[in-house]
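*Asks:* Given next are the chains, with one letter for each unit.
4 protein chains.
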Amino acid sequence: MSPENRVAQLRGEIDKINLQILELLNKRAELASQIGKAQAEMGINFYDPVREGQMLQALEAANNGPFSNETIKSLFKEIFRATLAMEEHEARANLMVQRKPNQSNTVITLADGTEIGNGTFQLIAGSCAVESLEQMDEVGAALAERGVRIMRGMAFKPRSSPYDFQGLGEPGLKIARQIANKYQMFVTSEIMDASQIPMMSDYVDIFWVGARNMQNSFLLKALGKVRQPVILKRSFGATLKELIYSAEYIVSSGNPNVILMERGVRTFETWTRNTLDISAVPLLKMETHLPVIVDISHSAGRRDIAVPLGKAAKAVGADGLMVEVHPNPPVAMSDAKQQLSIPEFHQLMDALQTI
Amino acid sequence: MSPENRVAQLRGEIDKINLQILELLNKRAELASQIGKAQAEMGINFYDPVREGQMLQALEAANNGPFSNETIKSLFKEIFRATLAMEEHEARANLMVQRKPNQSNTVITLADGTEIGNGTFQLIAGSCAVESLEQMDEVGAALAERGVRIMRGMAFKPRSSPYDFQGLGEPGLKIARQIANKYQMFVTSEIMDASQIPMMSDYVDIFWVGARNMQNSFLLKALGKVRQPVILKRSFGATLKELIYSAEYIVSSGNPNVILMERGVRTFETWTRNTLDISAVPLLKMETHLPVIVDISHSAGRRDIAVPLGKAAKAVGADGLMVEVHPNPPVAMSDAKQQLSIPEFHQLMDALQTI
Amino acid sequence: MSPENRVAQLRGEIDKINLQILELLNKRAELASQIGKAQAEMGINFYDPVREGQMLQALEAANNGPFSNETIKSLFKEIFRATLAMEEHEARANLMVQRKPNQSNTVITLADGTEIGNGTFQLIAGSCAVESLEQMDEVGAALAERGVRIMRGMAFKPRSSPYDFQGLGEPGLKIARQIANKYQMFVTSEIMDASQIPMMSDYVDIFWVGARNMQNSFLLKALGKVRQPVILKRSFGATLKELIYSAEYIVSSGNPNVILMERGVRTFETWTRNTLDISAVPLLKMETHLPVIVDISHSAGRRDIAVPLGKAAKAVGADGLMVEVHPNPPVAMSDAKQQLSIPEFHQLMDALQTI
Amino acid sequence: MSPENRVAQLRGEIDKINLQILELLNKRAELASQIGKAQAEMGINFYDPVREGQMLQALEAANNGPFSNETIKSLFKEIFRATLAMEEHEARANLMVQRKPNQSNTVITLADGTEIGNGTFQLIAGSCAVESLEQMDEVGAALAERGVRIMRGMAFKPRSSPYDFQGLGEPGLKIARQIANKYQMFVTSEIMDASQIPMMSDYVDIFWVGARNMQNSFLLKALGKVRQPVILKRSFGATLKELIYSAEYIVSSGNPNVILMERGVRTFETWTRNTLDISAVPLLKMETHLPVIVDISHSAGRRDIAVPLGKAAKAVGADGLMVEVHPNPPVAMSDAKQQLSIPEFHQLMDALQTI
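Chains as they are written, first to last, in the numbering used here: chain C, 1 to 355; chain G, 1 to 355; chain S, 1 to 355; chain Z, 1 to 355.
Since the hints were made in silico from the structure, they are not lab data. None of the values given here were measured: they were computed from a predicted structure.
Just so you know, same-sequence chains aren't split out, so a pair can sit in one copy or run between any two.
In silico EDC-like cross-links for lysine to aspartate or glutamate, where the CA-CA straight-line distance does not exceed 16 Å:
#1 Lys241 with Glu287
#2 Lys37 with Glu4
#3 Lys182 with Asp112
#4 Lys182 with Glu138
#5 Lys73 with Asp15
#6 Lys16 with Glu60
#7 Lys27 with Glu13
#8 Lys241 with Asp164
#9 Lys16 with Glu52
#10 Lys182 with Asp137
#11 Lys77 with Asp15
#12 Lys16 with Glu30
#13 Lys182 with Glu145
#14 Lys100 with Glu70
#15 Lys73 with Glu52
#16 Lys337 with Glu52
#17 Lys100 with Glu287
#18 Lys73 with Glu23
#19 Lys174 with Asp202
#20 Lys77 with Glu52
#21 Lys27 with Asp15
Same shape as in the complex, but just chain C (with noise of 0.2 Å):
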C-alpha cells in the first residue's frame, strides 16, 4: 500500500477511537456529576486529592505504552480538572461575578439616579488627598462646572514611608462631605482596615479598595456587608484573575456593586510609574459583568500623557476614568507630577468630547 493510501487508512480508525473516547468521557463526567450530587448531601468538598492520586497510580500500574506515564498523568489531569470545573460550574454556575453567556452589565445606582456601568462614560475626579477646604472647594467647582458627579475625598492614604503624609483623617472626610453637599456630588474615599467602616459610612458614598489592600480578604469580606458600591483598585503586582477574585470575595460576601479599576501594573519601564494595560478592560468586560474604570493618573504617574491615555480609555470601552485634578500640583502633598491643573481638567474635558 501507498504511504497516502497507508495515511488515509490509519486516519479512519483514529476517527473512530476519537469517538469512543468521547464517548467515555462523557460517560465518565456523568458518573462524576452523580459522585458530586451525593457528595453534597454529605457536605462533601468536590476536590479529593487522595482518590486522584489513587486513580493515577492505577492508571501508570495499567499502562503499557507507547504514551509514556508522565504523559498518561498529565492526560487524566487534565480529565480531572475539566471534571472538577463542570461540578463546580453546576454547584454555583461559577464565580458570582463572571459574565454568564447573554447576561446583562451590572449598573451601579447612585442614590440620585447616576449610573455607572451604564454605557455612559462617568468621571471620578478630585485631588490626590483632602488636604483643606478651600482646595476642595476650588476643585469641587470646577468638577461642578464639567458634571462630574463622583469626587475623591481621601483622608487616608496609604503611604511606603509612615514617615509621608498620611491624610487627614476624619476631618478630611468631613471637608470631603461638605464640598460634595455644597456642590451635590458623591464621595469616594479610601479604606484601609475594616474597623473604619461605621466611622466613614457617615461620610462616604462609595468606599474605594487601594492596590495595597486588594487581596486583604478580611477588608473585602466586611464590604461585602455594606450598602455602599466598592471600587476595588488592581494591585500593581495582582493578574486579572486575582483581581476578579477579590471582587468575588466582595460579592460573594453580599454586596453586588463593585466597580473594577485598572491602574496599571509594575514592569521596567520607566518612563511611566506604571505601565497602563489598557487591554484589561475588554478583558474584564469579557470575563465580568462589572463596570470598569480607568486610573489614568497612577497609572502613567506623569500628567502630560493624561489626554491621549483618557481618549484611549474611552475608545477602548471602560465605563469611565478616574484623575486627580488640584488648584496648584506642584505644591501637593502627595503625586504632585501627576495631578492636573484646574485648566489642564477642562482640557481633558473637552478632548473626550471628541472621541
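Got chain C; can you put chains G, S and Z on it based on the hints?
*Replies:* This is chains G, S and Z only, laid out in the frame that chain C set:
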C-alpha cells in the same frame, strides 16, 4: 528673633548664594565649552574620566562639610554630566530622532504618494507569514477592498525554536510582490541579517526589523544605507529609551525614514501574550518626530480584543495600526490564535470608522 | 597658544571655580540646617515645595546661559534634594531599621535562648497549612529530629479565590501549639487582620505577615505593639525599598524584632512560580540591621530545586531559610507542588551541612 | 442506598472507564506513530492543523454532553499535543541540548586541557572592554596570579546608544591576544555579526554571544559552523525555554560546545540593574547537559554585592562565574559601577575558597 523671622532672614541669605552658584555654574560651563572646542581641534573626545577623577579628589580633599564627601561628589558628578551633555548637544544638537521645539512630524512618502505620519491613520495588514499564493491572494483582495495600502509579506520568520516554521524565503517574497502588484499595494517584510539587503531590495518596499533584532546594531547601521523606509519594532524587553536609541542608529547612518512600532512588553500577566504599552504612543510622539504604529496582534496574542485595542490605538494618537489577517486562522502555520479572519478584519475596519 | 596649552589653562580656571562652588554649597547647607532647626521649633516639615518653586523661578529669571534653564533647574533640584536628605538625616538619623556605620546586627532571642540573626543559620519549616493533628505530628517529629526550632503553624490562609481552602482557623492554631509543645519548638503563624492579635497571642510565638499584607499599614502598626517578633514577607510586587519602609512601620510603632523574608518577585519567567531575588539578601543586610530569611518554597513553587536554592541562600549570607514540608505533598490542601516530603527534607538538611 | 455506598459504586464504574480510556489513548498513539512514519517517508511534517480542525469538528458534531463542546475540544487538543510530542520525540529524541535520562554533562575542553563543565568552578574575568595594552596587562597579571584561565577581551561593545563607546575593534582584539599569550590564558570576545567570524577567529578562543543577539538566528546558525566553543548569554527579556532553543540553533548547526550564561532579567526592582535569576542555574542544569555560568557583574550592576553573589553562584551548582575587573573602575569607559578593582577581585577569589 522669632523662628519665623530667623527663617525669613536665612532664606534671604540662601537666595543670594543661589545666584552666586548660578553665576559660577555658567562661568564653568563657558570654560568647558572652550575646552571642548580646543579638544575638537585636537581630535579628542569630550569625555575624560581621568580628569573627572582628579577633580573629585581635589574637591574631597577641600571639603569641610556639612555636606559629606559622598554628597559633594554626587553633586559634582551631576555638574559634570550637565556639562558633557551641553558639549555633546553643541556638537550634534542631541539625537537626530529627538523632537526639537516646534518641530513638525516626519512624514514618510511611498512611491504613489501614500503618506505615513501625516495625521491620517494607516493600516499595515496581512498574514503572519506568506504560506501560499492562494492565501496571499485571498487576504490581498480583502485588504484592497478596504483601501489598505501596506501589506505584510513575511518570508523569514524569526522563531524561538529551530524546528518551527521559518518562512518560505525568497519564493515567499516573490509571492508577496506578485500579490502586492496585483492589488497595487506596498510590501513590508522582515529582514534578519544585513546580508539579505541586496536580495530583498528587489521585492520589498518597507524593511521591517523584528523585536529580536531591535538592538542588532550591525543590521540597524546597514539599514541606514538603504533607500526604503524601515519599520522598527520594540523588543518585548526594551525600554522606550532603548527603542529611540535604536532608531538613532538607523537615522544617524543616513536613512531618515523610520517608523516606530509598539507591540507590548513582557509582564507577569498571562491572559495576554504581552502587555500592550499604550502609553508608549504619546511618549514616543512627544520625544521623537517619527511615526508610531501599534501592533494589536502580537501585543495581545488573541484576536478577541482586536477591535477595542484598535480603537484605543486610534484614539491615543497613533499614526496607524498593524494587524494580522489570515483566510483561515486556525490552520495558520504561525500565530494561529491572534490572526483575524477576513470577516473579523472587516469588523475591525468598520469599528475604526466610529472613532 | 597651542590647543594643549589652552586646555591646561582653562582647566586651571575650572579647578578654582570648583572650589568656589564647593564653598558656596557648604555655606548653603549650613544655612539650610539652621532653617531646619528653626522649623523644627515651629513644628513644620522640612519639605516646602512652594519655596522650592519660588527659588527655581528666581534662578530661571537670572539665568543668562550657556546652561539652559532646564539644566539649571535640574542641577538645583539635586542641590535641594541633597539638602533635604541632610536635614532629614539630622532630625531622625534616617530610618530606625537602617544600618548605621559599624552598627551590629539585630539579634532576636526566643524564650529558650534560640537566636535569629546571630550568624548561625536558622530553619523555619513545616507544612503550608495545618490540616490535622496527625499531619502536624509527623512533620513535627521530622523537624525535631533535625533540630529545627521554629515550626510553621498556619491556620489562616490568604487565598486568591474565596472558594479555596482558607485554613482551619483557631482549631488549627490549637493543633500547632500542641505539637510545638510536644517537640519543644516555637510556632509562627500568619495573621491577616489586627483584630486577630488577642486570640492568636495565646498560641503564636512569632507573628507572620504574608506578602498580600506587606503594605497593610494598619496591621503593621498594630504589630508594633505586640511582644512577639514579626516575620515580614516581601510582596511579590514590592521593591526592596518598600519592604524596608514596611519594616519601619512595625519598628517605629515599638516592636524592634522584625525578620525580613525574601520570597521571589513576579516576572515573565514561567518555569518558576516567582523569581527568587537572591541579590535581595546582601542588599537587605547592607541597608538594614535586621535578620533576613529566604523562602525557598514560594519563590520557586517547585520542590525539585529546593536543595540548590537552600545552598545558595546559605552561601549568600541569609540568616536562615523557610521551607515547606508535608508528609504527603501530592495530597496537600495547598501548595502541593512545592512542599518537600519528609525524605526530601532530610536530603535538604544533609545538603546544607556541606556549605 | 446511602450516599457513601452510592459514591463507592460510582467510583468503581469510573475506575473501569479510566482503564478503557487509557487503552484507547494508547491505541490511538500507536496509530498516530504509524502515520508519523508513513509521513516521514512522504517528507511531510507531523503537524497538520487542517486535519486537527476536521477532527475537532467531527467531535463537536457528535458530542451530546454533559461535557461542553469547549471542554471536549480542549481535552482533545491536549491529546493531539501529547501525540505530536511523542512523534517529535521519536523522530529526533527531542532537542539535542536536552538532558536525557542518566546523560552525563557536556564538558568543554580548551587547547591546553582546561575543562568547563567538569564539576570544577571556572572563572571568566577581565575588563568590560579592551581599552589599552596597559589596562589589559595590569588585569591580566592579576588574573594569572589567581589561576584564571579565561580572559574577557571585548573589542566590539553592543551599546544602546550609537554615540556610546563601541569598542576598539580589531586593534582591541590584537591587544587581548597579546596579553592572553603573555599570561597563557584564553580569550573570549563578543561577536556581533556573522561576517566577523573569519577575522575574529584569528584572535578568539571562545566566541561570546551577547544578550542583545541571543535570538539572532542567523548568527547562531553561523556559530554552529565554527570550531571554537560559544558562550550564549541569556537576554534580559528571555525565558529559559527561549535560551535553550537558542542553544539548540547552535548545536543543531554542528557545534556542540555551548556554554549558557545567566545574567539577570528585567524586573521592576531598581536597586539592581537586573534581577539575578539564581533558580535558572539548577533548572538549566536539569533541562540541558550544557555548562552554566553566572555573570555576577551585569546581573547586579553594582560591585558591592559581588562577593555574596559569587558564593551563591558556586553553592547553587554553577560551573563557574563571570566577573568584570578593571584597574581603575571609576574611569572605565563602560560599566564603571559594576567592575571590581584588582583588590576587590582578590577578595572575591579569597571568598570563593570558603565555599
